[in-house]
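Peer 1: Chains as they are written, first to last, in the numbering used here: chain L, 1 to 332; chain W, 1 to 664; chain Y, 1 to 342; chain B, 1 to 144.
Certain hints may be false.
[To be verified] Once the Cα atoms are required to be at most 25 angstroms apart in a straight line, the calculated DSS-like pairs of lysine-lysine come out as:
id	chain 1	residue 1	chain 2	residue 2
1	W	Lys106	B	Lys143
2	W	Lys371	L	Lys229
3	W	Lys371	W	Lys472
4	Y	Lys227	L	Lys72
5	Y	Lys331	W	Lys618
6	Y	Lys69	L	Lys69
Think of the hints as simulated: they come from the structure by calculation, not from any bench.
Each chain, written out:
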Amino acid sequence: MQKITGDILIEKASALLSSGTVSCVLGWKKGEFGYDVTPAVFSSVEELERDFVYNDFCGANFSKYLVSKTRKLEGKILVFLKPCDTYSFNQLLSEHRFDREKVYAIGIPCEGMVDISKVKATVGEGISSIDTDGDNLLVSTLYDEEPVAVDFKSVLAERCINCKSKKHVAYDELLGEEGDVIENSRFDEVARIEALTPDERFAFWQNELSRCIRCNACRDACPACTCEKCVFDNPASGVENKSPANSFEEKLFHIIRAYHVAGRCTDCGECSRVCPQNIPLHLLNRKFIKDMNEFYGEYQAGEEVGMRAPLVSYTTEDLEPGEALTRRDTDA
Amino acid sequence: MQRVGVFVCWCGSNIAGTVDVQAVAEALKSEPGVVFSTDYQYMCSQAGQDMIKTAVKEHNLTGIVVCSCSPRMHEATFRKTAAAAGLNPYMVEIANIREQCSWVHKDMATGTEKAIILGKAAVAKVNLNAPLTPGESPVTKRALVIGGGIAGIQTALDIADAGFEVDIVEKNPTIGGKMAQLDKTFPTLDCAACILTPKMVDVAQNEKIRIFSYSEVTDVKGFVGNFDVTIKKNARYVKEEICTGCGACLEKCPMKKIPNEFNLGMDNRTAIYIPFAQAVPKVATIDPTACTMLKKGKCGICSKVCTAGAIDYTQKDEYIEEKYGAIVVATGFNPISMDKFDEFAYSQSKDVITSLEFERLTNAAGPSAGKLLRPSDGKHPHTIVFVQCVGSRCEACAEKGKEYCSKICCMYTAKHAMLTRDKYPDTEVYVFYIDVRTPGKNFDEFYRRAVEEFGVKYIKGMVGKVTPEGDKLKVQASDLIANKQLHIDADLVVLAAAIEPDKSARPLATMLTASMDTNDFFTEAHPKLRPVESPTAGVFLSGACQGPKDIPETVSQAGAAASKVIGLLAKDKLTGNPCVASSDELMCNGCSSCANVCPYGAITYAEKEFRMPDRTTKVRRVAEVNPAVCQGCGACTVACPSGAMDLKGFANLQIMAEVDAICK
Amino acid sequence: MRKCSLDKINLLFAEIAKNAVLYLPVDENDGSAVYKKWEDGTAYSNALNTVRSPKDFFFPQTENLMGFKTLGKTIEVIDTRVEPDDFVIFGVRACDVRSFDILDRVFLSEPVDSFYASRRNHGIIISMACTRPSETCFCKTFGIDPAEPQGDISAWKTETEVFFKSNTAKGENLLTALDGILEDCDNNEVDAQKAKINAVMNRLPLKNLTTDGFGGGKTAEIFDSPKWEELSESCLGCGTCTFVCPTCQCYDIKDFNTGTGVIRFRCWDSCMYSDFTKMAHGNNRNTQKERFRQRFMHKLVYYPENNEEIFSCVGCGRCLSKCPISMNIVKVMKEIGGNKGE
Amino acid sequence: MQVNEYKPLIVAFCCNWCSYAGADLAGNNRLNYPADVKIIRVPCSCRVNPMFILRAFQRGADGVIICGCHPGDCHYTSGNYYARRRMTALFSMLDYLGIERERTRLEWVSAAEGAKFAATMNDFVQQVTALGENKRLEDLRCKK
């Protein structure tokens, strides 16, 4: 359940719009069924009052939109950033992907976002509305007389269960109380896979990646994937491909995508959220993060602007690849 | 698609012995783009090159593949041939079918099969080659010589003689190096000082040469023709330009018990000192670790006695930044430490000495004024044992000594033995050796004289143990020819210690980005064809920093390095390596990953306007590569996530084409 | 009408699988369902529908068209076509069945797409009436009755039994072959089932969504609507909607260099992609707005214009549940079409 | 009679300054290693893009080895340090995906180490031969 309400955000945004501080607002627009909110640009108070919403389904990370919107839109853009979004925000600034001056960032608290597929797995299809009641979601369906109570914590998105930080690392203004970086167990699943035998690992990933339909949603939603043109879309790159013609190409795309964002990925989890096939793509990115933390020291992309990512720096004493693997084996 | 000509070289039987060259030529004929394919005995010969030129004309070739020796050997040759035939020189690719094929595989079928695959890879690559034009950069017409021994001195003099300015950076208070410590020189036995000191004076008096003594290089940036070097002038607490070298301060200095480095600690010097009488610059230096004024603020005598007023206790280290077009490394050598050779009792007995110490003992300016006296009791030694190869050719014990031959020991030991017998005929002189190596002009004659004329007792065999006993040194050794054990009661034992590169060489190599071998000797660009150049453009090698050398060899290499430097400085502009990185600005995100990994700072960013397909304009930050600064390593190309950064001559598509060709 | 008790459904599957490859929806761990090949022990899913549509069986994501073998400078053309085995798809929903009509109009009109045609010939579709439509369902908008699914054989499922009715000769032949397991029955239970479904249909949130404002001839009216900009504002330009859509049929033809030859294949493409229909001069739809508009104009205007007013959307709701930013055809229809669907 | 013995295909990326020269030296000294090794010259180990490695596996390579100057000896000062981090990350990821870690290797071979080059190649070929064909990163379309 979100502690801050949409009304507070609307009030804030309206004030900034009216005063001319910002010319438009990047926010969530309500949809048909309560859970299908859409990122949208609001440019008037009327639009805000009519459509703006902030609820348990506002998972979309707006940071990436700033790359295109700051180029396209006139004036300053107001953007609402949840704690994890602020890491992406900083990372994009480190990479000079948008003009900070064109953005007014408001940090907003987040209690974790709900994965609607988990709700559906509990109550089934046919959701007509979703309300909240304390720590529960009250889900009304076409098939149940009474709303079904669903424990909020039980339907949190994976990335929110393993939330790494409630702290905002960038903002112009903060609404609500500042949180802290959280001790989390987000690498446990990676460690579990690492501990499998190579055959098991291969089977695991073969099964996961074989579902890929190369819709590119992971890439297109990823705040680190902001290339003007992705190598996989560029016929001149020599590796362009459009579909996973076979298991090699599935792996190629996902290995290279994860590699390209290695050290830049803030672990926001958008890739896994948007995957229509529910492939746990974050486990690829987290593998790189975990490795680099273990081999080169703790590093959180986006923690500050201007940090040097592990793959664009070095020490003369770095581990050799073989040593790194052996060390991990013995640690495990 | 190019029109490719393939030229398969036999290299006599070097290639043709294990590779069916005709089959290779025939197989490559059907590769895409290939319009002509042939083989010839020596493609690098004039006739071979002419063959290429004719083929280019007759078949309108746009690309050339030579299947031959390593590109490190003849790529440049064939690029020139291509240029002479009117092609862009970078339209040439070499398939290395000698070093990486015919020489490492014994079977004809295997060799031929692999040669064809390597040829296919080269064809695949050349099909994607594009003509490249090198960029130009200006040349700073000044050279830096690092090290002021005989190598550095000779190089500097030769460069200055050609009219270019030279700076010598020497870490010691004086130039002169190891040669200044020597007594006589083989095989002519002229006195080292007599031939060296005039050269030192020449250096001092040459208007084109500046000496930064007691100084070191702390940073090197830039590239061939345009080095930016930071030189640290260590504080010597004496104003160099005022000090007249009169030596009054040395006499009055109360700290007189400082081991004298110049005499290898066999006598003492004062805290303020001039290493030796002919030092250049002849300027005093205060040893800050010994001077009570500097350590405790008490004394100041030297300042009082200096009539010139040259003493300055407040002097600070000074950093000087200079630009150079070329850098010569002449950092020289040192004898290795004898600490690990306890069997020779070096640390137990003062009468076990190294050859360099022996050199000082026999030098008229040395601690014993040239009289050969035992360091322990000042008595005349009657039996002297010379031990050769102490730490040299030490295959079994790499952590103790060196695997290589130190090259100079055989000759100087012969010299020492001969001179001893000449001056003190009553002395018994034994030399223990593994082999006596005397390849050099008049070298073997010299060694024979020592044996035949002077009666030095050469014994093939190694000394096993030296044990001090009373005033004698009990030497146990084996005589391999007579096949018996020997016991000699010696008065003096002289160890021919292996030599190793100076310790300052390793950090310097890192600064210069010059490569070194496992022994810390600088690597030459080519062991035979480019022996005085480092693989790093604009960095040259002079003297023993590249490998053990005697004086004649050092001086000739010094001259050779100088002539290479002169050749470089004589140019107004340098044409660079065109195989540099370049960014496709339409793809570039401006994310800075490339600049973060560039070791040369070759990448900068600019805000540029782009006209979009929908007729709007957008301003984006994009990377720009300075082709004169880029050295073409390719680090940026992999750091770039969008693939905007690519490397000319080693482009992504080219390398992938090679991969494809090899794997198909 | 014939029926089979649910207890015996596996016998039925086994019988079908004797002569053809049988595909049916199977539950995944994450609660979704996917079509999988039936093997002994495979359980038929109760899910409403699959994440990927059954169009994949006729129009797979990648399909080899032909090959070239190169030897030196010679090229040999290779026929890579593999004649598909006979197959049966079980449990296709009414909406998805309609999608085959839409695809047929594209691929089976002259010139006939022989790859598609061949798969159509080899495939038998056993549809399944819906029991529990989702809030995202709006097949009714396009005149589809989820209680009356088409296909070679129609099927209805109750708590205990599955009922079958053949619609085509192919379907009848299959049902006849299954005589040993099926038993004849009347329509009563199926009619009751249909009534139940229709009752639910009247409660669906999108029940009143209409195609008003769309259809052939509407291009001029809505092409320049300012709403397109707003709707497409947050579109990521990914291909999720396209790839889960049962009616999207665009593909790209590409060559893959194997090192010793070339495989020419086609693969799905998406009009949402920036390089879609890219030509020598560049791209004719340069902004995401234009690409976004194209997708919906095609489904709701261009296709009906060329196909007797049949819309190329079947209301299956996949894009509603899978779009990463929850933008979808319903929101477009409501905004642009001017009907609120309330 | 020899039965069709399995011969692996090994792609070796060698930096121009050290390892390629080391390979040349191995040749100069006539130090044998299997012809299964095919060398691609790159200016520096940092030029090796992970995509090249995956490409080699796709096209049928059974093992890929990257050779560069010893740490500290890079002709470009730091290229091999970046290569080391990149390859560590990549190899670890491939291992995570269940792809045999023995198929990839990073070695430092100086221009003076002809013997090491030959020994390394002999060893790597042996190691890959023991694994057999690369099945986990293959692209069947590229099979002969």
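Peer 1: Under the constraints set out in the numbered hints, which ones does this structure not fulfil?
Peer 2: Of the numbered hints given earlier, those the structure breaks are 1, 2, 5, 6, listed in rising order.
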